[in-house]
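Participant: One letter stands for each residue in the lines below.
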Amino acid sequence: MKNCDNIKLLIQAFVDNELSAEEQNILETHINECKDCRAELENAKKFNKLLKENVTKVDLPPYFEAKLWARIEREKSKRFSFAKLIPITVGAMCVIFVAVFSFQHLKTGKPDIYIVSPEVNSIVPDNDVTISAAFYNKPKSQEAQILINDEVVAREKESDQIIYTSDKNMKEGYYKMKIQIIDKNNKVVKQKEQMFYVVPDGKSSEL
Amino acid sequence: MQFEEVVTMYSDKLFNMAFGFTGNYDDASDITQEALFLAYKSFSKFRGDSNVYTWLYRIAKNECYKHFNKNKTSLLPLNAEMIKEAVPDVENKLRIQKLISTLPVEYREPIVLKYYNDMPYEEIANTIGVPIGTVRSRLARGKEMLEKKLNLRGGQPSLSD
Numbered sequence: 001m002k003n004c005d006n007i008k009l010l011i012q013a014f015v016d017n018e019l020s021a022e023e024q025n026i027l028e029t030h031i032n033e034c035k036d037c038r039a040e041l042e043n044a045k046k047f048n049k050l051l052k053e054n055v056t057k058v059d060l061p062p063y064f065e066a067k068l069w070a071r072i073e074r075e076k077s078k079r080f081s082f083a084k085l086i087p088i089t090v091g092a093m094c095v096i097f098v099a100v101f102s103f104q105h106l107k108t109g110k111p112d113i114y115i116v117s118p119e120v121n122s123i124v125p126d127n128d129v130t131i132s133a134a135f136y137n138k139p140k141s142q143e144a145q146i147l148i149n150d151e152v153v154a155r156e157k158e159s160d161q162i163i164y165t166s167d168k169n170m171k172e173g174y175y176k177m178k179i180q181i182i183d184k185n186n187k188v189v190k191q192k193e194q195m196f197y198v199v200p201d202g203k204s205s206e207l
Numbered sequence: 001m002q003f004e005e006v007v008t009m010y011s012d013k014l015f016n017m018a019f020g021f022t023g024n025y026d027d028a029s030d031i032t033q034e035a036l037f038l039a040y041k042s043f044s045k046f047r048g049d050s051n052v053y054t055w056l057y058r059i060a061k062n063e064c065y066k067h068f069n070k071n072k073t074s075l076l077p078l079n080a081e082m083i084k085e086a087v088p089d090v091e092n093k094l095r096i097q098k099l100i101s102t103l104p105v106e107y108r109e110p111i112v113l114k115y116y117n118d119m120p121y122e123e124i125a126n127t128i129g130v131p132i133g134t135v136r137s138r139l140a141r142g143k144e145m146l147e148k149k150l151n152l153r154g155g156q157p158s159l160s161d
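So the protein sequences, as listed, match chains A and B.
Start counting the first sequence at 1; every next residue gets the next number (our numbering).
Start counting the second sequence at 1; every next residue gets the next number (our numbering).
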């Protein structure tokens, strides 16, 4: 009986193709002599087949990776600002304080470029891609432009805001957008960039 | 290896493992998301002492425990009444998947890795961190428990009863 218990383990390993040649010999010899273990082997083969047929592998949910990367991107931007602060001494922080609250900023209390939409790392439906930004302190002599994946899609001269709406459904995927303020010589004076992810409209509710 | 490669190579495998563990698609999705996010945060500290999947597996298994604790359920097996109630007339596949997720965790682990992740015994042993002999005995015992739950012992294997 004790021996049959050990053989049971060999039987399970046999149906999983996990026996060494030596163990297989032991099993075969025993099976030829033991009716119960022969029946056990037949049963194990059938049950293994049944398990393999009924354990169904599942596909990842829609946009699984996109959601993960969006979360990672948010984490990266958090880490970036935090990592920058850690090694800075109190003195250096004072310098940064002065830099951040430079004359222009003190005047308005607002950033030079404020991205209204889309939000950082947001997921947007392909038929509703609208990029908009507002500018503070932008001299009339400077222009503003929007770039998607480094291609200029909109340009604005006079106004303190810029809007771009895609006239066609954009392909699914990550896009990098930049809002730039440029001078007369097309030199970038200020720039802000962020990522967004486009999904087909019908599926955006699944997110 | 870049983390992008880790995601591409192992998301699917990890998701199936979590699905086998929980028997629930949405829970598996949440657990895999969380596990990969935690893996990203500590990726720089991963020194390659173990195989990448073994490392991910341990994070995900931990998340399974957290998930069950949070939902005030348990990794302990349900009793026969609860199983009957949970899976009265569902499809065979769902029934067997649900039953796997009700096995005690030490038997569930090797079955999930064997059937959802197609791992050979040696890899299962390395992933769980037990000797190969233990994998053999746990798999045999786990399958026997499943057969009993399905009322197959002593009769013709069938899922229709």
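It is possible that part of the hints are untrue.
What the hints assert, rightly or not - Using C-beta positions, here's what the derived DEER-type ranges look like:
| hint | chain 1 | residue 1 | chain 2 | residue 2 | range |
| --- | --- | --- | --- | --- | --- |
| 1 | B | PHE37 | A | LYS45 | 35 to 45 Å |
| 2 | A | THR130 | B | GLU122 | 46 to 56 Å |
| 3 | B | SER42 | A | THR165 | 35 to 45 Å |
| 4 | B | SER42 | A | LYS176 | 46 to 56 Å |
| 5 | B | ASP26 | A | LYS168 | 31 to 41 Å |
| 6 | B | GLU122 | A | LYS192 | 22 to 32 Å |
| 7 | B | TYR65 | A | ARG74 | 22 to 32 Å |
| 8 | B | GLU122 | A | TYR174 | 58 to 68 Å |
As the list claims (entries may be wrong) - For lysine to aspartate or glutamate, the following EDC-like pairs were computed, each having C-alpha atoms within a straight-line distance of at most 20 Å:
| hint | chain 1 | residue 1 | chain 2 | residue 2 |
| --- | --- | --- | --- | --- |
| 9 | A | LYS67 | B | GLU5 |
| 10 | B | LYS148 | A | GLU42 |
| 11 | B | LYS13 | A | ASP59 |
| 12 | B | LYS45 | A | GLU42 |
| 13 | A | LYS57 | B | ASP118 |
In case anyone wonders, no lab produced these hints; they're calculated from the structure.
Cβ coordinates follow ideal geometry from the N, Cα and C atoms, glycine included.
Participant: Quick check: does the Cβ-Cβ distance between SER42(B) and LYS176(A) fall within 46 to 56 Å?
Facilitator: At 27 Å between Cβs, range violated.
Participant: Look at the Cβ atoms of GLU122(B) and LYS192(A) and judge whether their distance stays inside 22 to 32 Å.
Facilitator: violated (53 Å)
Participant: Has the hinted range 35 to 45 Å been met by the Cβ atoms of SER42(B) and THR165(A)?
Facilitator: Holds - the Cβ-Cβ distance for SER42(B) and THR165(A), about 41 Å, lies within 35 to 45 Å.
Participant: Verify the CB-CB distance for PHE37(B) and LYS45(A) against the hinted window 35 to 45 Å.
Facilitator: Taking Cβ atoms as reference, PHE37(B) and LYS45(A) lie about 42 Å apart, which means the hint holds.
Participant: Would the hint linking LYS57(A) and ASP118(B) be met if the CA-CA limit is 20 Å?
Facilitator: holds (10 Å)
Participant: Are the Cα atoms of LYS67(A) and GLU5(B) separated by 20 Å or less?
Facilitator: Within the cut-off at roughly 16 Å; holds.
Participant: Does LYS13(B) pair with ASP59(A) here, judged by a C-alpha cut-off of 20 Å?
Facilitator: Measuring from Cα to Cα gives roughly 10 Å; hence the hint holds.
Participant: Please work out if LYS148(B) and GLU42(A) have their alpha carbons no farther apart than 20 Å.
Facilitator: Status holds; Cα separation ~16 Å.
Participant: Look at the Cβ atoms of GLU122(B) and TYR174(A) and judge whether their distance stays inside 58 to 68 Å.
Facilitator: violated (39 Å)
Participant: Look at the Cβ atoms of TYR65(B) and ARG74(A) and judge whether their distance stays inside 22 to 32 Å.
Facilitator: holds (26 Å)
Participant: When you take the CB atoms of THR130(A) and GLU122(B), is the distance between them in 46 to 56 Å?
Facilitator: Cβ of THR130(A) to Cβ of GLU122(B): about 55 Å, so the range 46 to 56 Å holds.
Participant: Taking 31 to 41 Å as the stated bounds, is the beta-carbon spacing between ASP26(B) and LYS168(A) within them?
Facilitator: holds (34 Å)
Violated hints, listed in ascending order, are 4, 6, 8 and 12; each of the other numbered hints is respected by the structure.
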